[in-house]
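Take a look at the letters that make up each chain.
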Amino acid sequence: TQLLEQSPQFLSIQEGENLTVYCNSSSVFSSLQWYRQEPGEGPVLLVTVVTGGEVKKLKRLTFQFGDARKDSSLHITAAQPGDTGLYLCARDTRASGGSNYKLTFGKGTLLTVNP
Amino acid sequence: GAVVSQHPSWVICKSGTSVKIECRSLDFQATTMFWYRQFPKQSLMLMATSNEGSKATYEQGVEKDKFLINHASLTLSTLTVTSAHPEDSSFYICSARVLVRTQNYGYTFGSGTRLTVV
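Taken in order, these protein sequences are the chains called V and F. Each residue of the first sequence is one higher than the one before, counting from 8 in our numbering. Each residue of the second sequence is one higher than the one before, counting from 1309 in our numbering.
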């Protein structure tokens, strides 16, 4: 099993602070997805990174894919209470022995931004 | 965009009864749907993959007789928790794989079902 190690698992910060969430693996990925989940809801796709060294920005969120495509990070600038949620990295892979794909998540980072 | 509608959003049932959760793709056809289980403050764990017109594929350790999956049409997949017990209480979420950008695929998720077995 090619695991996704995500850190930190929990993060509680004050409004206005910056933070970084990491997603690492010993395997090379063709791509990596980041999701955000609010309490009582399903995850929502934020971004997909595909190219080694790629940087994508989504307002105050910056996503980076490592050069070797084994790791990724999510950086939030000037966090706001509305950023509170569970952030998940995930890999989309073809299931063994078949044509179906499946999405496997890291353990997630539960972020709380206090006003 | 592609929307997956999941119902009910929450359900409370008595121990020993069965509960059915529905997941519908509203504006697209989903030949495959995925069912996840999530405990509080934890990540999502894939339980099974449902395939329209054929048997579901279950992940290791998931009891297929306990969690019955039916995918009878291209827009509806159901998960039935049979003979539910308190340890089955959890947040169940379905999803479908969709084309998000020209060449990239992503997953769209239902809003989840909070199951409480008393």
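Be aware that a few hints might be false.
Which bits of chain F does chain V cover? Going by a derived footprint, with three or more residues having C-beta under 8 Å, they are [as the list claims (entries may be wrong)]: (1) 1326-1332; (2) 1343-1351; (3) 1371-1377; (4) 1380-1388.
In silico DSSO-like cross-links for lysine-lysine, where the CA-CA straight-line distance does not exceed 27 Å [what the hints assert, rightly or not]: (5) F:Lys1349 to F:Lys1374; (6) F:Lys1349 to F:Lys1363; (7) V:Lys63 to V:Lys77; (8) V:Lys63 to V:Lys114; (9) V:Lys64 to V:Lys114; (10) V:Lys63 to F:Lys1328; (11) V:Lys114 to F:Lys1322; (12) V:Lys77 to F:Lys1322; (13) F:Lys1328 to V:Lys66; (14) V:Lys64 to F:Lys1322; (15) F:Lys1374 to F:Lys1322; (16) F:Lys1372 to F:Lys1322; (17) V:Lys77 to V:Lys66; (18) V:Lys64 to V:Lys77.
Just so you know, these hints were derived from the structure itself, not from any lab. If you're wondering where the values come from, they're calculated on a predicted model, not measured in any experiment. For every residue, glycine included, the Cβ atom is placed at its ideal position computed from N, Cα and C.
- Any hints from earlier that this structure breaks? Give me their numbers in increasing order, please. Of the numbered hints given earlier, those the structure breaks are 1, 3, 4, 6, 10, 11, 12, 13 and 14, listed in rising order.
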